[in-house]
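Going line by line, the protein sequences match chains A and B. For what it's worth, my numbering labels the leading residue of the first sequence as 1, then goes sequentially. For what it's worth, my numbering labels the leading residue of the second sequence as 1, then goes sequentially.
Worth flagging that the hints you see were computed from the coordinates, not collected in a lab. Don't take every hint at face value.
The calculated lysine to aspartate or glutamate pairs, modelled on DMTMM-like cross-linking and capped at a C-alpha distance of 20 Å, are [what the hints assert, rightly or not]:
1) B/K55 <-> A/E29
2) A/K77 <-> B/E179
3) B/K34 <-> B/D135
4) B/K2 <-> A/D7
5) A/K75 <-> B/E29
6) A/K75 <-> B/E4
7) A/K77 <-> B/E60
8) B/K2 <-> A/D46
These figures come from a predicted structure and were not determined experimentally.
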Amino acid sequence: MLNRDEDILQAAENWQKAGHGVALATVVETWGSAPRPAGSSLVINDDGTFLGSVSGGCVEGAVVTEALDVIASGKPKMLEFGVADETAWNVGLSCGGTIRVFVEKVG
Amino acid sequence: MKLETLMEVNAERAARRPVIVVTDIANGEQRLVKARDIAADPLSADLARQLRMGKSGMVEAGGKQLFLNVYAPTARLVIIGAVHISQALAPLARALDYDVTVVDPRTAFASPERFPDVPLIAEWPEVALPPLNIDHYTAFVAVTHDPKIDDPALLHAFARDCFYIGALGSRKTHAKRAERLKAQGASDADIARIHAPIGLSIGAVSPSEIAVSIMAEITAELRLPKAAAKVQAA
C-alpha cells in the first residue's frame with residue numbers, strides 16, 4: 001500500500017504527539033524532468049523512520065540526513081538537488097531534473 | 001510547521017475541504033488559508049489559480065518568495081453497478097489512489113465475494129448516495145445498464161458538481177437516457193456533462209480493458225486543462 005499525502009501528514013502529527021522530533025521535507029520547485037511534483041513530501045522522525053518521497057528514491061537518503069539536523073537545530077533549510085552536482089550519482093537525480101526541497105521542523 | 005497548523009491541515013483534509021499552506025521560504029513563516037477564506041485573502045488570485053489547477057508552487061509577492069502548498073481532497077470514485085466491469089474498475093481505481101465506493105441495490109451483484117475489500121452499499125441510489133456527501137472531487141460512473149438504477153444516480157451526480165460523470169451505453173442507449181433524464185428535469189448542460197459512451201476510445205473489449213479506458217478518461221478530466229481533456233476524449 002502506498003502512503004498518500006494525508007497518511008504522511010497524519011503520521012507527522014501522530015509522531016509529534018507521541019513525543020518524537022519530526023521534520024517535514026517538501027518539494028517546492030522543480031526544473032526539467034523531476035520525478036515528483038511540487039508539494040510532494042516526506043516526513044522523518046528522530047528515529048530516522050520516514051514516510052513519503054520527494055524524488056524517485058534518488059535523494060531520500062540525503063534528505064533524511066539533513067532533516068535530522070533540522071530536528072536538532074529547529075531551523076528550516078532549503079536543499080537543492082540536480083544532476084549537475086558533483087555527487088550526481090550519489091545524491092543527484094539521474095533523470096536530469098533539478099528539485100528544491102524545503103525542510104522544516106514540526107512543532 | 002507548527003503542530004497547530006499541521007493539525008488544522010489534517011482536520012480540513014479529513015473533512016474533504018481544500019486548504020493551502022503559504023510558506024515564506026526565507027524564514028519558514030507560515031499561514032494556512034482555508035478554501036472559504038481565499039476570496040478575502042491578499043493572495044486571492046494566486047491561491048485561486050493554484051487550487052483550480054490542484055498544483056503547489058512558488059509565487060512572488062511583496063518581495064517575498066512564497067510557496068503555496070495546495071492540499072486538495074483525495075479523489076473519490078463512486079461506481080453505480082456492482083457488475084463485471086466494476087470488479088475490474090474498483091481495484092484499478094484504488095491503485096490510482098482513489099477512494100472507491102460501489103452502489104448496487106441488487107444483493108446478488110453487490111456481494112463481498114465479488115468485491116473483496118471494497119466499500120459496498122446494497123441500496124437504491126436514493127438511499128445510498130445522500131450520506132456519501134458526493135462533491136467536486138468525486139468521479140461518478142453509472143454502469144448498471146438499468147435505467148431504474150442509473151437514472152436517479154445520474155440526477156444526484158448532476159446536483160453535486162462531480163468533476164467527472166460517465167455512463168455505460170451506446171450512442172443510441174445514451175440518446176434514450178438523455179430523453180428520460182430531461183423528462184425528469186435535467187438540463188441540456190447536465191446531459192452534456194455525461195461522458196457516454198464511457199471511456200477513452202482505445203478499442204477496449206474485456207472488462208479490464210474497459211476499466212482502463214474509463215480510468216484514462218477520468219485521469220484526463222482531472223489533470224488536463226479543460227479544453228485539452230475534451231480533445232483527448234473525442
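Okay, the hints, checked on the actual structure:
Using a Cα cut-off of 20 Å, the hinted pair B/K55 and A/E29 holds, with the two alpha carbons roughly 11 Å apart. Between A/K77 and B/E179, the direct Cα distance comes to roughly 60 Å. Violation of the 20 Å bound is thereby established for this hinted pair. Taking the CA atoms of B/K34 and B/D135, the gap is about 17 Å. The hint holds against a cut of 20 Å. Restraint check for B/K2 and A/D7: satisfied, since their Cα atoms lie roughly 18 Å apart, inside the 20 Å limit.
Distance hint between A/K75 and B/E29 is fulfilled; the C-alpha atoms sit about 11 Å from each other, no more than 20 Å. Simply put, A/K75 and B/E4 have alpha-carbon atoms about 18 Å apart, close enough for the 20 Å limit, and the pair holds. For the hint pairing A/K77 with B/E60, the CA-to-CA distance comes to about 19 Å; that is within 20 Å, so the pair holds. Restraint check for B/K2 and A/D46: the C-alpha separation of about 17 Å stays at or below 20 Å, so the hint holds.
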